[in-house]
Each structure stands twice: as structure tokens, then as C-alpha cells.
Amino acid sequence: MTLLVAKNLQIQFKTKKGIITAVRDVSFSVESGETLGVVGESGCGKSITNMALMGLLPDNAIVTADTLSFNGVDLLSLNEKGWQDIRGGQMGMIFQDPMNSLNPCYTVEQQINEVLEIHCPEMTKEQRAEKILSLLVDVGIPAPKERLSAYPHELSGGMSQRVMIAMAIACNPKLLIADEPTTALDVTVQQQILELLEKLQNDHGMSVIFVSHDLSVVKDITKKIQVMYAGEIIESGITKTIISNPEHPYTKGLLDSIPSFHDTKDDVLFSIPGLVPDLHSRPKGCQFEGRCFNKKDDCSSSWPTITQKDDRVLRCHYPLK
Amino acid sequence: MTANSLLVQNLKKFYPVKGSSEKFVKALNDVSFTLPPNTTLGIVGESGCGKSTLAKTLMGLEDKTHGSISFNDNSFDNMSNKVKYETMQMVFQDPLDSLNPRKKAWEIIADPLLINSKVSKTEALKKAQELMAKVGLRPEQSHKYPHMFSGGQRQRLGIARALILNPKVLILDEPVSALDVSVQAQILNLLKELQKDLGLSYIFISHDLSVVNYMADDIMVMYLGRVAEYGNADKVFNNPYHPYTKTLLKSGHISQSEEIKSFPKLISSELPSPLNPPTGCAFHTRCPLAKDECHSILPEVESKNERSVSCLL
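So the sequence lines, in the order shown, correspond to chains L and H.
Quick note: the first sequence, position 190, residue 190 per the working numbering, numbers continuous.
Quick note: the second sequence, position 93, residue 93 per the working numbering, numbers continuous.
Okay, chain H solo, but in the shape it has when bound (with noise of 0.2 Å):
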């Protein structure tokens, strides 16, 4: 195994089922991938797809029920709480939900460090104030409260505070949704400067597939807790295999090619209840191509090109 690797595993996440000790919520179904350092993991799917429950069964503020995730060989099963967090931080999607209101910026930022290591106050103030130079805000704003702050700066505070423990992964749960594409562009700047400087990997989680492409290395494509497609960024956008990525492709207004432009209609536009998931290949219900095996066959994940999809045809 490469060194300072994620490794993730046939990773599950049931929810019960209120009323009944034997159906589940099927929130994340056999999921695995690799991470390499300094690389960008792209995650798509629409909402309700388990891209936020992966994010949060890898950060751990959800127990997984089954697989296993561990990085550089050792099991997070066996880690304790303090190193796993010096290993994996995440950064959420609403940067003002996500900062506690009450808290100046650098108690922010230095939060995690207060916590999980001896460090005085004014040593953690002293490196707050180094990151918010790093993320490109000014420090004499580290004793401003987060409402102060505009919306692209707020992100930039929410990134610092998941740098401070020198992770070597960060889970960008959609960093840039809520922000304008101005803004969006300078934040998606700082990530990648800031990879380059620190050799992070990323998970990057995003609806938004151009923003996913320009950032991602690689790519996974979720469709009700499922791998429907994984593999190389470049690839899976200029030759996608499964119809979900062609649909997708094609309901985002990025792709120009003309077999994508004129991939055939959903059938249906509705997400099936993940609580009463459909059979055989789950997505068959609105699969423009599906065939009768679908109906009954669930399809593995198999790889082909260095590539893994999920699809019978």
C-alpha cells in the first residue's frame, strides 16, 4: 500500500428503520476507494445519493456498520480520537452555520488546537493568526466575530480551522454551493494552492459537476448509496460508461459531446425512497436503456480500465 494512503473498504451505513428491527435505510452501501496523497477525490450524486453520510462515517460523527477505513495502514478502529483528527478535518458547506457565533475568529481557528493539544493561548493565537495569512485573510482581523465577516471569508476562516492540526486529508463537504462564482473562484484557488504547499488530499463533495471536474483527480459517482462509477477524473468526464454519469453529463450543460448532448430523457425524474429501494440495478427505474435483467439482477461493481462501474449493460 502507498504511503500516507486513505484506504476505504466496503463501507456501510444502515439506519434502522423506526418501527422495525429489520429494515434499514441503506445509506451507504459498499463503498470503496483509494486516496493517494496530495490527489482530489470528486464526489457526485444527487442529493439524498450518501455523498454527506460518506463524509461523515470517514470524519467518524457517524459509527459505521460495516467496513473498514484506514490510512496509511493503521485501522481508524484503533485510532484514538486525537490522532485521527490530526489526520482527517472537514470543512462544511454553510460557512456561517458551521462557526460558532459567539467565538472570535482565532478562537475559531484554534479551537482543535486547544483541545487536542498543550498549547498556551497565546502560542495557538500566534498560529491562528499564521493561518488566516495562509488562507489570505488578514490577522488583524483575528478578534472579529464570524458575522463580520463576508461569506467567501467565512470559508476561508472554516478551511483554517480544519488546517490547524496539519491533517493530511480534508473533507470538503460542497465548500463552494453556498458562495458566488467570483468567490467560488477564489476559494477553489486557495484549495488548490494550498494542496500543492501542504501535499493534502481532498475528498471533494459537490452537486456542482464543472467544479468537480476542475478540481478532482479522480471521481466517484454515487447513486443511492452505490458506486455507480469511479475512476479517473479526465476519463470518466470525456468517456463516461454508466448511464447515471452520461445523465448527469448531460443535466449539467458541461459536456460537448454530441453523444452526451443527445443521450435519451430520464424516465422518471424521481429519486427512488431509499427506504424502499427498487430491485435489481437501483437505478433501472429512470435508466433511459434499462433491459429486463435490470429489473432483477443487482449489478457488482466491476473494473474495467482502471475503471469500476456498476451496470449490467
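With the rest of the complex left out, here is chain L (with noise of 0.2 Å):
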């Protein structure tokens, strides 16, 4: 069952110098208990479309769709009360900064026990309490009983994380959207934090769309990538073939730019030269024509669309063979 799906999915924003197109002709979907990982740099797009898909953007937003569905439910039909349901409840989020992301002054049990109070208003008392203790086990806190009552001052990184997580998965989301969820831990708790994912996953039959610039992360997490390059998505398609054989420019110049993914030392590291484009002025043609190594003399002059062969999708006049 394909749960979420966004067609055309454009959002601006109104700004003093005018209106900016953030993120254009972006559609995809999500099926049921997949993982959709989304890759691309700073500014290209990845976090705004999340904050779409959860109703989080600010007020001088505007988005638009030809479709923009979760669950069945139009997203873009909803009021604020009508987000309220959805969010924390059917869609969990888990941010990239766990320090940041959770409310100092109160203990943990208060945070999970709001969500629950929200979303889940025909249980006790006791069966909340019951609930909080069950998703600490649940998301592997040790000692979870002597933890309800820590403030998150009290709680390392992976800690707060997991009790991120704890809070997304409390009401059974249907799709859990992970924005860098690993970014600011280190290494060996971001493993774990990964096989906790992989595990509530299971468990849960959860959707999850996993953000991160990490390739390498992306790569073994997830069965379905997509590359984004200034609030476009430039490729997309089954993450091994992806890798392996990328087509788009600018996949094979963020793969090639990845130290782990070369052989030798002696290798000078692939850079990919220039900036991304000032979204004030976007370029006419492709967006990526000012960086490309590939390019012709059309590129800069028509934009290039969409185009499907078996299960990629690709926005380039010249791809890679």
C-alpha cells in the first residue's frame, strides 16, 4: 500500500527580496514499511520537505501540489487542529539535534507522557505510565525506571535520542521521518542508534524517511534513495544501483568526493567546484549546469524534466552511461 505520496510538490517562500521557490517539482512516494533515504547538501531542499510533509513550515510558506496525500488524507486541505492529529501521532519525527529537541525543564516521563495525552486520550492514568515504561525498554534506556524522573541535561546524546525516539514511536506512527537522527552522535552510538531504527522498523511495520548527507550511512539502511540538488530531486531510484552506477553528475561527483568510497591515498579527492545556486536567481536550464563536468551547450538554457526508465528517475539532458 503506497502511504504517502507527493506529486509536484512545490513550496516558496515570501521574503523582503521577493518570492524564493525553495523546493519544485519534487514528487514521490512512500510505500508501507519502507525506507526512503534522501540525500543531497546543505540548503538542497531535504529538511524543508519534511517540515511540508509534517505541517511545520512557517507562516510566509506556501506550498503547493497536484497531490500531497498521507494515509489517504490530503494534506494540504488541513487546518491546524487537522495537523494536530496527524502530527506526533500517525507521523513521527526524530530531529538531528537530541540536545536541542527536547524541553529542558521537564523529566522525561512529562515528555512522553504528553504525547500520549494528545494523541491517545482513552488512556489511564496508569496505562500511560505503563506505556512510558514499555517504549524506554522499548528503545533500550537502561535502568528505565530510575530514568523517568531525569531531566535531559541528565541524558548523553544517544540518551536523549532514544528518548527522541521514544516519543515518535509512542502513539505507532504509520511513517517515521528521521532528519539526520545520527548527525550529532558519535560513531558507536550512532550504530546503535541505526539497528534500534532497523529493529522498531520491523517490529512496527513503520515507513521511515531517513534524511542524511552521509552516503554511507544512506547505503546500507535503506532500499530506495533519493538525490536532491537545489529542492530537486535529480535522481532517485533502488539505493545499490545508485551507488554503484550513478548517472546523474552530481551523484557521481558527492559519491566520488567521499574518501571511503576511493581505494588509494594517492587519489586526489573528486571536488565538485562552485556553489550551489542563489535561489533569488536560479538558473534558466539545469541547476547544476554551473558544476557539471558533463555538460553541453543546452543544459544552461532549457531545464531539464523528469524522465522514468524502469526504476529511476532522472533529471539530466546528458546522463552518465
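Bear in mind the hints are in silico, worked out from the structure with no lab data behind them.
Note that CB positions come from ideal geometry on N, CA and C, so glycine has one too.
Warning: the hint list may mix true and false statements.
Part of the chain L face toward chain H, derived, beta carbon under 7 Å [as the list claims (entries may be wrong)]: (1) 191; (2) 220; (3) 257; (4) 259; (5) 271.
Once you've looked at the hints, go ahead and assemble the two chains, each given alone in its own frame, into the complex.
What follows is the structure in C-alpha cells.
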């Protein structure tokens, strides 16, 4: 079953310098139980897209789409009350920095309790207390009973992220959006959080959107991947095929600039020259044209449309073979 | 001793614990290494393992508790600050926070020169612009302020500032962690190129093992202020001895070896409190291979096959 469908999603912001288009022509879908990886550099629109899915964009944002539906609900027509039902209930989110995402003034128990109170009003106080404890056990917090009364500053980064995950899965969400969930953590802790997410996904049958700039993490835990650049999806498909055989020059450049994908130290790392285009004055043609090593004359004049071949979606005039 | 090597022996840094005259946080404990010219020592470990304390103590930003640091057989204790800073400079993690927002690019780069030697402002400007060209910035940008540069360009400014006194050793404390991968690649390439041109030695601190593997000749793995494993980078990566190194390689998703991939999970994800470190081997509380003796006996740093390892097993 398809859980989430976005067709031709566009996100604009009203700014003092006029309207800028942060995300345009983005189409993707997430099936039940599936993990979708989203990669790209800062400012490519990864987080903004997720914020739109959660209805968390600021007031100056304009979101339009041909379709944006989650579990049969049209997200574009929701009012604030409707959003509140979905957010935290059917859709959970984990943020990058666990230390800053928890409320420092409330204990672990109070914070998880709040989620349950709002989204599962039928539960009694005792049921909630029981549920909170079992959630902490689920996410692998040692000595969970003692942790109930702990404040966020008493927890390490990995523990805070586990509490965040416990909050996100408290109401058995159908979709979990994990926005760089391990970026702020040490590798050993990262590994454990990834294993935890995988286990929870298998247990609860959740779908996960996993956003990261770290391709080596994404390649190990996702089956499908989409690469974003300047607010567009430029390549998407099966993770394995894309990593082993990227067809978009940007994807290739991104992979080549990571040291672990190189064999010897004497290789000069490939680096993508130039900078991401200014969203106030987007190039007329392909957004990546200024930095591309494979560009031809017409790349700067015509904007490539999405093409689909087998499982792979591509936005490029001259894909690599 | 080889000429122009940095030699660090039994370096210790203890911080006293508030309210007690006997308790200390042992942030660095018996760290020793040699850094010959034109080589890179990579330092890895989790947060709180003492990586940054090591950098600060080497730079003299923190006073050492015990041990010796010497360069070319001259001890740092007898060196004036001026000579010390002409020997060793540092590049910081966050390129924006480590640049003075009220100074122009050339002033930031030239500051060490203006402080440490008697040059005129015009000469300093000229030198700063030369360095900007060297690190891949346009000299015309010398009158811009830090906020007008991108992240990668700011890190280039930081590198130029570190280079202006012609140091022999650069301490790079997570120099690329705040950057996107494509920009990270540019900075890593620049650092390699500079090393080749100027014969610099690097102490390269990072939590990203793939970056360290790419940059480093030697590698030192630290755990709770102690050296867990130290040796040639290729050998450590391809055939790690210490269980902690194996754990790091497994978690970093970079090793292809089956031995590493199937290495057992850590018992606990939590780093023990440095206030109250475990008895015996500090890693035994998390080590999947720990035996009874690990709880009580502190492993000495042993050398085998040109590699130092502190593990009983």
C-alpha cells in the first residue's frame, strides 16, 4: 500500500527580496514498511520537504502540489487541528540535535506522557505510565525506571536521541521522519541508533524517511534513495544501483568526494567546483549546469524534465552511461 | 632523534574536580607519540576521549600537568611563545565561530604576523593576499568580512591564518566536520597539496574514520584519555588489534573485512564517566570480549610490530 504520495510539490517563501522557490517539481511516494533515504548537501531542500510533510513550515511559506496525501488524507486541505491529529500520532519525527529537541524543564516521563495524553486520550493514567516504561525498554534505555524522573541535561546524546525516538513511536506512527538522526552522535552510538531504528521498523511495520548527508550510512540502511539538489530531485531509485552506477553527474560527484569510496590515498579527491545556485536567481536551465563536468551547450538554456527508466528517475539532459 | 620532529612523551592533563583536592578528571593520561616532518597523525575517538584536550594542551591553550613536548629536540617549556607559535598553529572546527566577525579577511590572516613580528601593515596585507591565493581564495576578497564568505571559504581563511607564521606543525581539530561532502573534499585536497608544498606535519583530529583513513600516515585511537592503539594508519585500519578500534571501524561503515563486520556489538553504548573511570581497562565496561582480569588490571601500552596497543587480550 502506498502511504505517502507527493506529486509536483512546490514550496515557496515570501521574503523581503520577493518570492523564492525552495523546492519545486518534487514527486515521490513511500510504501508501507519501506525506508526511503534522502541525501543532498545543505540547502538542497531535504529538511524543508519534511517540514512541509509535517505541516511545520513558517507562515510565509506557500505549499502547492498536485497531490500531497498521507494515508488517504489530503495534507494540503488540513487546518491546524487536523495537523495536530496527524503530527505526533500517525507521523512521528526525530530531529538532528536531540539535546535541543527535548524540553529542558520537563522530565523524560512528563515529555512522553504529553504525547500520549494528546494522541491517545482513551488511555488512563496507569496505562500511560505502563506504556512509557515499555517504550523506554523498547528503545533500549538501561535502568528505565530511574530514567523516568531524569531531566534532559542528565542524559547523554545517545540517550536523549533514544528518548526522542520513544516519543516519536509512542503512538505507533505509520511514518517516521528521521532528519539527520545520527549526525550529532558518535559513530558507536550512531550504529546503535541505526540498529534500533531498524528493529523498531520491523516490529511496528513503520515506513521511514531517513534524511542524511552521509551516503555511507544511507547506503546500508535504505532500499530506495533520492538525491536532491537545489530543491529538486535529480536522481532517485534503488539505493544499490544508484550508488554503484550513478547516472547524474551530481550524484557521481557526491560519491566521488567521499574518501571511503576511494581505494588509495594517492587519489586526489574529486570535488565539485563552485557553489549551489542562489535561489533568488535560479539558472534558467539545469540547476547543476554551472558545476557540472559533463555539460553541453543546451544545458544552460533548457530545464531538464524528469525521465523514468525502470526504477530510476533522473533529471538530466546527458546522463552518464 | 629525527630533525624537525614533534616529540610528545607521557603527556598528562588532569583537571581538578570542584570541592575535592584529591579527585581529578584525567582528560589525558600518558599520551606519547612522535610526528616526523611531512607526515599526518590522525587522532580518532568518541566525544570526551581527550582529542580536543590534546590539541589544546599541545598548543599551550591549556597547561599540561605532566610530560614533555619538544620540537627538533627543543622542549616547549624553554621556548618563548613567539617561537612556539612559529612552530605550531591550529585550525578550528567551526570556521565561522573561530573568525572575528568585526575584522576583514586580511586582518584575520595577518593578525599573528602583526603580533609576532615587526612588519608594516602594507607588508602584512601583501603577505595575507599571497596566502589567500595559496589557499584558493581570490586576493580581491581580502577586504571582505567573514560572514560574506561561504563555509568552505571560511575554513580556507582559517588555514591561511594558521600558515602565515610558516609553522612546521598544524593541529587540525575537526577541520571538515562542519562542511558538506563536496566542500570537505576541496578542503582535504587543499590540505594535502599544502603538505606536499610546504613539508608540513599535521595532527588531524576527526571523528570521521573515512576522512582520517584518507589523510593520515599514522593513527592514534584514544579512549578516555588514554591511547588504545597507535601505529601506521593502513595497518591499523586493515588489521586492528584493539577491540575498541574494531568497534569504531564496524560502526563507521567503512571496513569491508568480514572479521570487522561480524565483530560483536558493544555491551553498552555509554561512555563511562571520566569522573569515575572504571577500574582496570577503561574499556571493559563496553568491551564485548572482556575477561575477568580486564576488570582489575590496567593494561600497559605494549609495542608489537611497530604498533602500540593497550589491551590485555
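Violations among the numbered hints, reported as their numbers in ascending order = none
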